[in-house]
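Construct the entire structure; sequences and hints are all you get.
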Amino acid sequence: MTRYSAFALAREAFRNHQGWGRAWRDATPKGHYDAVIVGAGGHGLATAYYLGKNHGIRNVAILEKGWLGGGNTGRNTTIIRSNYLQDPSAAIYEKSRSLYETLSQDLNYNIMYSPRGVMMLAQTEHEVRGYRRTAHANALQDVETRFIGPEEVKRLVPIIELKGPRYPVLGALWQPRAGTARHDAVAWGYARACSDMGMDIVQKCEVTGVRTEGGRVTGVSTTRGEIGCDKLGLVVAGHSGHLADMAGFRLPVESVALQALVSEPIKPCMDVVVMANTVHGYMSQSDKGEMVIGGGADGYNNYTQRGSFHHIEETVRALCETFPMISRLKMLRQWGGIVDMTGDRSPILSKTPVENCFINCGWGTGGFKAIPGSGWGFAELMAKGHSPLTEAFGLDRFREGRFVDESVAAGVAH
Amino acid sequence: MLILTCPYCGVAADETELHPGGEAHLTREGPESDDAAFEGYLFHRKNPKGVHFERWRHSHGCGKWFHAARCTVTLEVFGSYAAQTTEPPQEIREILTARRPGWDQEAKA
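As you go down the protein sequences, you meet chains W and B in turn. The first sequence lines up with residues 658 to 1071 when you count with the numbering used here. The second sequence lines up with residues 591 to 699 when you count with the numbering used here.
Quick caveat, the hints were computed from the structure, so don't treat them as lab data. Since we're looking at a predicted model, the values are computed, not measured. There may be inaccurate statements among the hints.
To be verified - A few chain B residues that face chain W, going by a derived Cβ cut-off under 8 angstroms, partial list only: (1) Leu592; (2) Thr595; (3) Glu605; (4) Glu629; (5) His634; (6) Arg635; (7) Asn637; (8) Val663.
Heads up, the beta-carbon is just placed ideally off N, CA and C, and yes, glycines get one too.
And the structure:
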């Protein structure tokens, strides 16, 4: 692997950039691996990376039905934050946020992490109380957040309308070290590091069956042949239910469409991320100047990566109220992704009824921010059979009633 | 826009008039059931790629709950029917067999 550096840049500048190799190898699958990860999105690649880096398991294949990072990794609104209410959530999301801070150096790949700050607006008295409570909880969890008043909101976001027609801004939960990163680069950076460790990233390889013997996983059947493995990690977000079905167990997960859209690029006008959960909309400005906008998820099962128009309308209406100056903006693109929702809106990182088969899913509408922490914890779970980061997120929590209830704490938007 | 016909009032309602209610035909387990069965009733969902039976409420219309058969991959609607039943009625089954041969095998799996 060519190391990226100022020196490498200078060297290539002198030879017309002829020497840049491919960042990662598009492999053909071997017959057997120590571990197979299904899904080459952010979470799958991060899992493989930390399996190799932290646990020395490098005979690994990452299988992908489509192309690398082509699912929700390339479809999210790139927000990274860790201001969750419950301790297990704060632990894994804060681990993730702290890994993001140094991920560019760790991977030697610029993921463009921008700790610009994330603000969650409080627009009802209930939300004010809720976010004050979250700020206190975060203080105990070593997550730096604070509740700020409307004046400070206006100072940080001059384009905001504090006295909106329906819901005035009463304050906000402010996490100054949260922010955004380049989502594709996260996938590419992890892929490059995995490939460099000798792992095989196999694209256009759809898993069609999970092979077991005496309740223990032995491999997978794919459109590119049979692949044996000692350990199997399913990391396929919206399609988790489908794969669990192949392995012979059921999940407390439903797949629905979540949409986002971006505007035409405009001059810099907002240098923080603003989330307005009461009116269902959130927005940030990308480095190119586009306003990146997200909103609520649909309520019905869907695998089409297309969502309902009225949710887009609802989101845009909310944001026009909150930021009147964007009302004349043209929208460039709109798209959808299939997210896997659990009942308590917390993820599942767990062993399964099939021995040596592990599942990482249920990140719902907020998976991007969790990629490094999820990979870190899930790799530990796969390698050692337990991890302090994933302990609370087992499948058994539904039977035992130990929910990690974030559906109230996080509102609608993630 | 998803359009479902309410079997009670006959209105072809678009989705802004309706409220989704999740998987239909769940069996509520009785007091003798074990934890696993009750967990299944409360949380486990088929979440199929393909034919799905689900509950909808005509919330901005007659206000009644009904069932619909829909494909989650193509968004095709096969029909809707009254909620007072534990399984899809014969006419829905016939439509499904015509348009999605083998649907009942998948539904059992």
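How the hints compare with the structure:
1. Leu592: Constraint on Leu592 of chain B satisfied, holds at 7 angstroms.
2. Thr595: violated (16 angstroms)
3. Glu605: OK, holds: Glu605 of chain B within 8 angstroms of chain W, min 6 angstroms.
4. Glu629: holds (4 angstroms)
5. His634: holds (4 angstroms)
6. Arg635: This interface hint holds because 5 angstroms falls under the 8 angstroms limit.
7. Asn637: holds (4 angstroms)
8. Val663: holds (5 angstroms)
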